[in-house]
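Peer 1: The number in this note's numbering is simply the position in the sequence shown, starting from 1, with 23 added.
Just to be clear, a hint being listed does not mean it is correct.
Straight-line C-alpha distance at most 25 Å; calculated BS3-like pairs for lysine-lysine [to be verified]: (1) K375 with K345; (2) K311 with K399; (3) K375 with K311; (4) K280 with K311; (5) K345 with K311; (6) K345 with K399.
Everything labelled a hint here was simulated from the structure, so no lab data went into it.
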Amino acid sequence: MQRDLEEPPGAKPPQPSSPRAAVWEAVPDSLWNDWHWQMRHRLTDVADLKRVLTLTPEEEEGVARALQHLRMAITPYFASLLDPQNPGCPLRRQVVPTTQELVIGQADMADPLSEDEHSPVPGLVHRYPDRVLVLVTDQCAAYCRHCTRRRLVGAKQQVMGLEQMDRVVRYVAEHTEVRDVLISGGDPLIMSDRHIEYLLARLRAIPHVEIIRLGTRVPVYLPQRITPELVEMLRRYHPLYINIHFNHPAEVTPEVKQACARLVDAGIPLGSQTVLLRGINDCPHIMKRLMQLMLTIRVRPYYLYQCDLSQGIEHFRTSVAKGIEIIESLRGHTTGLAVPQFCIDAPGGGGKVPILPQYLISMSDGKAIVRNFEGKICAYSQPEGYHSQCPTGCALCQGEAQCSRKGVAG
Numbered sequence: 024m025q026r027d028l029e030e031p032p033g034a035k036p037p038q039p040s041s042p043r044a045a046v047w048e049a050v051p052d053s054l055w056n057d058w059h060w061q062m063r064h065r066l067t068d069v070a071d072l073k074r075v076l077t078l079t080p081e082e083e084e085g086v087a088r089a090l091q092h093l094r095m096a097i098t099p100y101f102a103s104l105l106d107p108q109n110p111g112c113p114l115r116r117q118v119v120p121t122t123q124e125l126v127i128g129q130a131d132m133a134d135p136l137s138e139d140e141h142s143p144v145p146g147l148v149h150r151y152p153d154r155v156l157v158l159v160t161d162q163c164a165a166y167c168r169h170c171t172r173r174r175l176v177g178a179k180q181q182v183m184g185l186e187q188m189d190r191v192v193r194y195v196a197e198h199t200e201v202r203d204v205l206i207s208g209g210d211p212l213i214m215s216d217r218h219i220e221y222l223l224a225r226l227r228a229i230p231h232v233e234i235i236r237l238g239t240r241v242p243v244y245l246p247q248r249i250t251p252e253l254v255e256m257l258r259r260y261h262p263l264y265i266n267i268h269f270n271h272p273a274e275v276t277p278e279v280k281q282a283c284a285r286l287v288d289a290g291i292p293l294g295s296q297t298v299l300l301r302g303i304n305d306c307p308h309i310m311k312r313l314m315q316l317m318l319t320i321r322v323r324p325y326y327l328y329q330c331d332l333s334q335g336i337e338h339f340r341t342s343v344a345k346g347i348e349i350i351e352s353l354r355g356h357t358t359g360l361a362v363p364q365f366c367i368d369a370p371g372g373g374g375k376v377p378i379l380p381q382y383l384i385s386m387s388d389g390k391a392i393v394r395n396f397e398g399k400i401c402a403y404s405q406p407e408g409y410h411s412q413c414p415t416g417c418a419l420c421q422g423e424a425q426c427s428r429k430g431v432a433g
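Starting from the given sequences, assemble the full structure and let the hints guide the process.
Peer 2: Put into structure tokens, the structure is as follows:
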């Protein structure tokens, strides 16, 4: 007899949820799951924090003084994930200021990526040939203490106006080489659905814009924001990609899983961007677990960033060697899907530079000598007399020849 696979009638079991801090235990679910309520009740000062955490003197002074450089805001949802007694909690260290932020290192820079120098239109950065970055707001659901855009984020608490969006769209429309638009901030998903759609609709109407991307940490700090209404709107603008900033396995909660599922089920591919942070995820085992967990919620690891040279975050930075060690611990030891690209966003606007362990030992016309993840040395025999078979009249090659190209590939 064939087994009946249909679900039995009756109510579905309740969705699992993360624990709440005691101060919010009595809040009705209808409010707790409302992203507007979460935003209105963020922790923004010492008094707020003391309702949830036992602060160290360094944290208490850090909140009082470091907020002059980068404001603090923590959603009740994310605050409930913090260890109230442990200042070394990896999630707590990402959102609670300390006096270490007041220390400016010799290598620190206000704008380490030189974004301001590559901004032909306010709110737009055009650093790479075929793509642009649009900074639509300086607001975030919560503020990462390792933020690379500390010079901008949280300063004015505003979003890009419609007239400014029109100027950005006009620039993109006039530059036919732009095929990829990355919308970031701050965090673009802090904006209202209508405000987001205003920009998406106008960008999607430009024929040469092939893909649109959103860079966000909202699914981690404020998963309640990923509403059915938001997702229904986003799915109208495919191909649309979303990259989410994940840093630690403890960030992958039932709420985050549900938020990511809504996005993926709407046909939106998700990638991750992780920052290598001292004392938070600079451990091969923690990083491997994070990458594996993200795959289970259908988020593809994309970039692992060396922490930037922004002012006041030297205490978060690791050596580059640590990043290479972590990639070594992933490659071959777990699925290749769980191996992000480790890179340095080169100071001075140099762009993303991939950093890899040295797997190629030597190479000649006849052979390439390589090593694998176990340290075994192998030889690959190259074909004799190889030359490219691309036909002289290749239309793609002829088209590329007309383009201005800089760099090694030019």
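Peer 1: Determine for every hint whether it applies to the structure shown.
Peer 2: How the hints compare with the structure:
Between the alpha carbons of K375 and K345 the distance comes to roughly 18 Å, so the proposed pair stays at or under 25 Å and holds. Pair hint K311 plus K399 holds up; C-alpha atoms about 22 Å apart against a cutoff of 25 Å. At most 25 Å may separate the alpha-carbon atoms for a hinted pair to count; K375 and K311 meet this at roughly 22 Å. Distance restraint check for K280 and K311: the Cα-Cα separation of roughly 18 Å lies within the 25 Å cut-off, and the hinted pair is therefore satisfied.
Under the criterion of a C-alpha separation no larger than 25 Å, the hint pairing K345 with K311 is consistent with the structure, at around 14 Å. Only pairs whose Cα atoms come within 25 Å are accepted, and K345 paired with K399 is accepted, the gap being roughly 22 Å.
Taken one by one, the earlier hints all hold for this structure without exception.
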